[in-house]
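Protein chains: 2
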Amino acid sequence: MPNPTAAILIIGDEILSGRTREGNMYYLAGKLTAAGIDLKETRIVSDDRDAIVGAVQALSAAYDHVFTSGGIGPTHDDITADCVAAAFNDHIDVRDDAYALLKAHYDSRDQEFNEARQRMARIPDSATLIENPVSIAPGFSIQNVHVMAGVPSVFQAMVATVLPTLTGGAPLLSQSLRIERGEGDIAGPLAELAEAYPDLSIGSYPFTQNGAYGSNIVIRGTDGAMVDEAIVKLTALFSA
Amino acid sequence: MPNPTAAILIIGDEILSGRTREGNMYYLAGKLTAAGIDLKETRIVSDDRDAIVGAVQALSAAYDHVFTSGGIGPTHDDITADCVAAAFNDHIDVRDDAYALLKAHYDSRDQEFNEARQRMARIPDSATLIENPVSIAPGFSIQNVHVMAGVPSVFQAMVATVLPTLTGGAPLLSQSLRIERGEGDIAGPLAELAEAYPDLSIGSYPFTQNGAYGSNIVIRGTDGAMVDEAIVKLTALFSA
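Sequence lines, in order, name chains A and B.
Under the working numbering, the first sequence has 1232 at position 27, and the numbering climbs by one with no breaks.
Under the working numbering, the second sequence has 1320 at position 115, and the numbering climbs by one with no breaks.
Do not rely on the hints blindly, as some may be mistaken.
EDC-like cross-link-like pairs, simulated, lysine to aspartate or glutamate; straight-line CA separation at most 20 Å [as the list claims (entries may be wrong)]:
#: 1; chain 1: A; residue 1: 1236; chain 2: A; residue 2: 1269
#: 2; chain 1: B; residue 1: 1245; chain 2: A; residue 2: 1255
#: 3; chain 1: A; residue 1: 1438; chain 2: A; residue 2: 1390
#: 4; chain 1: A; residue 1: 1245; chain 2: B; residue 2: 1255
#: 5; chain 1: B; residue 1: 1308; chain 2: B; residue 2: 1320
#: 6; chain 1: B; residue 1: 1245; chain 2: A; residue 2: 1253
#: 7; chain 1: B; residue 1: 1308; chain 2: A; residue 2: 1390
#: 8; chain 1: A; residue 1: 1308; chain 2: B; residue 2: 1390
#: 9; chain 1: B; residue 1: 1236; chain 2: B; residue 2: 1428
#: 10; chain 1: B; residue 1: 1438; chain 2: B; residue 2: 1400
#: 11; chain 1: A; residue 1: 1308; chain 2: A; residue 2: 1336
#: 12; chain 1: A; residue 1: 1438; chain 2: A; residue 2: 1400
#: 13; chain 1: A; residue 1: 1308; chain 2: A; residue 2: 1320
#: 14; chain 1: B; residue 1: 1438; chain 2: B; residue 2: 1390
#: 15; chain 1: B; residue 1: 1308; chain 2: B; residue 2: 1336
#: 16; chain 1: A; residue 1: 1245; chain 2: B; residue 2: 1253
#: 17; chain 1: B; residue 1: 1245; chain 2: B; residue 2: 1269
#: 18; chain 1: A; residue 1: 1438; chain 2: A; residue 2: 1428
What the hints contain is simulated information worked out from the structure, not anything from laboratory work.
Note that the structure is predicted; figures quoted are calculated from it, not measured.
Just chain A, same shape as in the assembly (with noise of 0.2 Å):
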């Protein structure tokens, strides 16, 4: 049975203006390779909420999973619960269960539980409530979407708590081989032997290092034996 997949969809203007560079993809995608769920495609949208609506219809229907990161905090850009509500044609309002997580919190720090922080107890009709244990303001899943934070540690937090949940399948498995010759001069070869191995998937990511240059072969599988075959033969393969 082939893996599950999975999407990340990541909202933010500040990522696309390449103000602040995005750590959460790299980290939820480490996460799913080891469990076994097949990370396809990652989007990155503007806080717009015709992207942000499309977006989520179009990885719903089209993969297993899908993982949101942000948009989900307090301030007046923070749209994405509304926008996953709408994607799935749910009503959304402050629901109670998340009001009084967020308002014991406050209240124990004696803090205002003002309107604005009122925005983060918006929740889908038909969501679940995925734990925050952080800073408590809930993510929730609906039907396939994971809808989490942007704030990394409370991302991190999310995924503990959502990941273990999902089904995955066998975990994606890979050795890599640093080969310092031109892609061209590997690239008839490495062709061949990924037409041999056709279970597996055979990256060449090609590099140029204080004047070396060369290429990484990468071989993935969820076999662990015939990854361990592949990489031998790689390995006689260049090392004359």
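Fit chain B to the known structure of chain A by using the hints.
Chain B only, in chain A's frame:
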């Protein structure tokens, strides 16, 4: 007149596996902002024919310009050029002009211009070549899609060739203010400021750092005087 819009399409399993961090997106995002071209979306897809063809068609239809990175080398997993040709129903084969460039390059270095390297001369019939001063193998532009290499030095050189040929708009200017208060405390006044300046984009990006927490507020717009005015008001709001 609104600024032209753009999308970036990154092609490569190595990004989705979490193995390699993507830098071309951030590089180009900064250049586009300076050129007055609004980056609206980035997609990362795997080395999969259907995924690449679908993304090229969708992004080309949705935005004024599309920039792709990766998958135009000599190895078997480099399928971008063929996929872009398919996306536009264009014929593709080794093209004389690209072949001549590459042959002269490898001849001058006494390197074999073998079948794998000749793959890099596969260019759609209707495309215009993008010069590659670093390693010769050209990129190409077809309709509103600019197909560039994934190796950062080559990508950057190709951006330097392509960008001046595009008509940009007013550069997007930004100013930011770091506020060491919770987003929930500043969200109300911030939303009022955003309403007062509908032509500006005002984003709030929370941080936690060494126990301190707060939010970086970024105000963006093409009218520098208006951005200045808004940042002064913002500073006054939260300096009390």
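Hint check results:
Annotation: proposed proximity of residue 1236 of chain A to residue 1269 of chain A holds, straight-line Cα distance about 16 Å (limit 20 Å). About 12 Å separates the Cα atoms of residue 1245 of chain B and residue 1255 of chain A, which keeps this hinted pair within 20 Å; it holds. This hinted pair checks out: residue 1438 of chain A and residue 1390 of chain A have alpha carbons roughly 17 Å apart, not beyond 20 Å. Between residue 1245 of chain A and residue 1255 of chain B the alpha-carbon distance is near 12 Å, which keeps this suggested pair within the 20 Å criterion.
For the hint pairing residue 1308 of chain B with residue 1320 of chain B, the CA-to-CA distance comes to about 11 Å; that is within 20 Å, so the pair holds. The straight-line distance between the Cα atoms of residue 1245 of chain B and residue 1253 of chain A is roughly 9 Å, inside the 20 Å bound, and the hint therefore holds. Among the hinted pairs, residue 1308 of chain B with residue 1390 of chain A is consistent with the structure: their alpha-carbon atoms are about 15 Å apart, no more than 20 Å. For the proposed pair residue 1308 of chain A and residue 1390 of chain B, the alpha carbon gap of about 15 Å is at most 20 Å, so the pair holds.
Our distance criterion of 20 Å between C-alpha atoms is met by residue 1236 of chain B and residue 1428 of chain B, whose separation comes to about 19 Å. This hinted pair checks out: residue 1438 of chain B and residue 1400 of chain B have alpha carbons roughly 13 Å apart, not beyond 20 Å. A hinted pair counts as satisfied when its Cα atoms are at most 20 Å apart, and residue 1308 of chain A with residue 1336 of chain A qualifies at roughly 15 Å. Distance restraint check for residue 1438 of chain A and residue 1400 of chain A: the Cα-Cα separation of roughly 13 Å lies within the 20 Å cut-off, and the hinted pair is therefore satisfied.
Proposed proximity of residue 1308 of chain A and residue 1320 of chain A is supported: the alpha carbons are some 11 Å apart, at most 20 Å. Pair hint residue 1438 of chain B plus residue 1390 of chain B holds up; C-alpha atoms about 17 Å apart against a cutoff of 20 Å. Restraint check for residue 1308 of chain B and residue 1336 of chain B: satisfied, since their Cα atoms lie roughly 15 Å apart, inside the 20 Å limit. With a C-alpha separation of about 9 Å, the suggested pair residue 1245 of chain A and residue 1253 of chain B falls inside the 20 Å cut-off, and the hint holds.
Annotation: proposed proximity of residue 1245 of chain B to residue 1269 of chain B holds, straight-line Cα distance about 10 Å (limit 20 Å). Restraint check: the Cα-Cα separation between residue 1438 of chain A and residue 1428 of chain A comes to about 16 Å, which is no more than 20 Å; the hinted pair holds.
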